[in-house]
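Visitor: Sequence:
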Amino acid sequence: MPLFQDQHDKDQPLLAQPAESDPAAPLVQEIKLFATSPADPMDLEPSLPQSLPNIDAILAPPAAGLTVEASMIHRWDITNWKSIRSTKKSYSPEFVFNGSKWRILLFPNGNNNTDALSVFLDSVDAADHASDDIWHLCIQFAIAISNPDDDEVYKHNGNCNIKKLREATYNIPTDKDEPTKSIPLALQRIFYQLQFSDDPVGTIELTKSFGWDAIDSFMQHDVQEFNRVLQDNLESKMKGTKAEGAISRLFVGKYKSYIKCINVSYESSRIEDFADIQLNVKGCKNVYESFVEYVNVETLDGENKYMAEGHGLQDARKGVIFSVFPPVLHLQLKRYEYDVEKDAMVKINDRYEFPKELDLEPFLDESSEQKKKPQKYLLHGVLVHAGDFSGGHYCAFLRAENNGKWFKFDDDHVTPVSEYDAMEENFGSDAATKTRLLKKFTNAYMLVYVRESNADEILKPITAEDIPAHLRRRFDEEKLASEQKRKDKEEQHLYFNTRYITDADIKLHGGFDLCNFDNKDLPLSAGHVLRVKKDEKFGAYRARLAETLDVPVENVKVWNMVFRQNKTVRVDSKITDDEKTLEQMRDSVKAANDFRFYVDTEDEVGVEIENDSIIIFIKKYDPVFATIRYVGRAFFSPSQRISEALPAIVKLADLQTSNVGVYEEVKPTMIDPCTITNTFSSSEIGNGDILCIQEILSEEDVKQLPDPRLATVTFYFDDYRNRLPITFKHKHDEKEMPIPDIELVLSKKITFDAVVAKLGPAVKHDAAKIQLYSLQGHSTRSLIKRSPTLTLQEMTNPGYYAQANNYNTGPSVLFYELLDIPLVELDSKRFVNVVYVDRQMHEHGPIKILVAKNARAGEFLEILKPKLVIADGGSGKLRLFEVNNFRTYKVFSESDFVSSFNDFTTLYAE
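Take 877 as the starting number for the sequence shown in my numbering and just add one per residue.
Since the hints were made in silico from the structure, they are not lab data.
For each residue, glycine too, the CB sits at the ideal point set by N, CA and C.
No farther apart than 20 Å at their CA atoms in a straight line, the calculated lysine-lysine pairs in the PhoX-like style are these: (1) 1132 x 1248; (2) 1161 x 1316; (3) 1705 x 1724; (4) 1383 x 1527; (5) 1634 x 1661; (6) 1743 x 1705; (7) 1336 x 1252; (8) 1413 x 1466; (9) 1158 x 1223; (10) 1624 x 1396; (11) 1625 x 1661; (12) 1410 x 1363; (13) 1443 x 1543; (14) 1247 x 1130; (15) 1753 x 1766; (16) 1409 x 1365; (17) 1607 x 1645; (18) 1052 x 1118; (19) 1161 x 1210; (20) 1625 x 1396; (21) 1052 x 1355; (22) 1634 x 1645; (23) 1281 x 1232; (24) 1361 x 1410; (25) 1057 x 1084; (26) 1316 x 1210; (27) 1130 x 1249; (28) 1456 x 1410; (29) 1640 x 1607; (30) 1605 x 1661; (31) 1645 x 1661; (32) 1218 x 1158; (33) 1443 x 1396; (34) 1136 x 1194; (35) 1661 x 1607.
Pairwise CB distance ranges, derived in the manner of DEER restraints: (36) 1070 x 1210: 27 to 33 Å; (37) 1342 x 1174: 44 to 50 Å; (38) 1759 x 1174: 35 to 41 Å; (39) 1159 x 1189: 27 to 33 Å; (40) 1078 x 1115: 26 to 32 Å.
Based on the sequences and whatever the hints tell you, model everything.
Guide: As structure tokens, then:
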């Protein structure tokens, strides 16, 4: 039965583990635990193994300076394995050791890992202590599991440089950085939370700052590449600050690659920087052997002699020697190589040892200044990879203090471990050694060493005073906001949102209805959101509205808004019962989403409003400027004729003529003219309905309009209904020089020429020289061929160029390219890329040539020649040919047509 590392949830019992204590205190207890179980699935009485495993050999020795107060071995014989296997977890009988109660906690099918068996030591006394009670037990233990029919025993023991980096990182100015786009700010936040937060620290913002989306975050990334990208970004952000150069001073060393002649005085050498050292694992037993191999000298002799400048072919020695080692040294273990037989990358899981102390003085150049001082390094970090080349899991073992304890960082689990767990358990295993499957593929991938002479300075503690005040303030505020968000989430069942609009909000809305809360294809109305308790009475809610709007409470009249069957949102009824709760009101109208209101704050002193009056909202349409605006609301009797109400409506709209037309907004596709001789009731106009009034223009005035169809409000709403927000992106937008997106609201019915006519002024380019592209899939951009009848709706409809797919959801996007020639001219020409090869066989290009589609190769070459620098002395003639798969595919004569050039080959001229 394999034993995997303990993985326990927060709601599980307290598990014994090393606790913080005075180094001088004794090690109170020492326990050895042993469990046996029969291999046969039937519940047979187990036979004991011939000889028990040496538990003392499994248990790591006590830390220096600590004494053992008591010790014991407890054995749990499992005789009912079949029934236990069907349960989620099982406890052993309790036992007492040195005055404390203990038991073994067994997960027969693994703890959140069905491929494993998990075993823990559980303190029974922990349940008797309050959660805020400060207590601990200092204990060291080992657990062994044995199958009586198999002698193999599985065991589990329970027993940086980062601070200097934190100090430098905190000094990077980030007060104006965006949280999701700044790697330094994300790292500052992680460092701060790791030191001052009691909760596991998430890395979502850090991964987002790398440009990773949700899918990328779950993909395995190479840690060496990640480390280099992170260091490069931090170093660039530190330029011009007091932290400038900190990354290089901490992590960058130098080595010299050289070729030195044996028989003559000549040496060719080059000094280069390194951020990490890649050491061979295959064929080496440990780090020292890898370093010896790294600096191994190769002799160049015989047919492999070195051509020394001024000396001809010479015997020489070639090698690499280190000039400077950095204070913090990253060693990357090369555990991946290409397997020729498998034709794939494979992981090397060979046993490879690394020491706690590493002396690198023998690997320094004799002329190095560092030779004068000890180059002893101490191990402070082990990055472990469990898995193979295709995937796996990373965890880290870190010792953040000089001569401090080791901790294992495994996702959101941080646990203290012994030096044995951090080092020997991650050496890897020999192929001949029998071991469990996961351990076979679990081994160290990167090592972090700190120079002993620099350790105290590098690992010095960081206090709150060392962190800039603006960062402490920012992160503390974020923590409070996060706690408030968590509290709101816990209490959200007690609240719901109300949304209301006022006359001021309606005046900002230029479309259908009084507002637009839901249709994302058109500009949305902001409105106002007020979060309320479900049991809040309406009278208290009205008082809050009065305070928010700064009006007397008696002026606040609240009207319920409902979603009608014709998909419009209209004012329905006035709410007068101040004693009802908001939840009762919401349930009575069966509001599915936010409870919506219209809030009227007009002072109605002196205005007589009959009990059966209906509230009508009035809009005024201006056909000259093709605009519509809200002018106010009015109260009328249902039995009143519209013609009788017309003077009041005209006055409200401030029209200077009686030649007006009145229309009712029924729904977006139905704007009906009203018969003014009818009553409101007979016209089916009631509470919350909307009337549009406009001046009727003469035929002469209509002819003067830019678009005569806009003479009536009916066509205005038809045009408004077809509006579409479009985001235009540059086709060749590069990350280094981002080009801002252009956002326009256009009619779906306008043509290709009208679209580029609107886009031209926005990008400050001739509209006739703009080419448009649609987006297909994730990144493919398909050219939109210009047509006088092609509409914007057809260009943005995914079905026009390809079948609809999941990628075409969301805002409509078109790409544009700014050309040097008009599209009309481009229709008869094509761009051709050609590579020019000069006499020295140097390639230039590709060179982009615009040529007529019906041109011949000779004409193409004449256009190409002025763009080339051709050396004197030749014939001046060019040869044109195509290359495919590194072979000449076709040679063109001057009479060949340009249309015969292939797109899948590379065109060369020489």
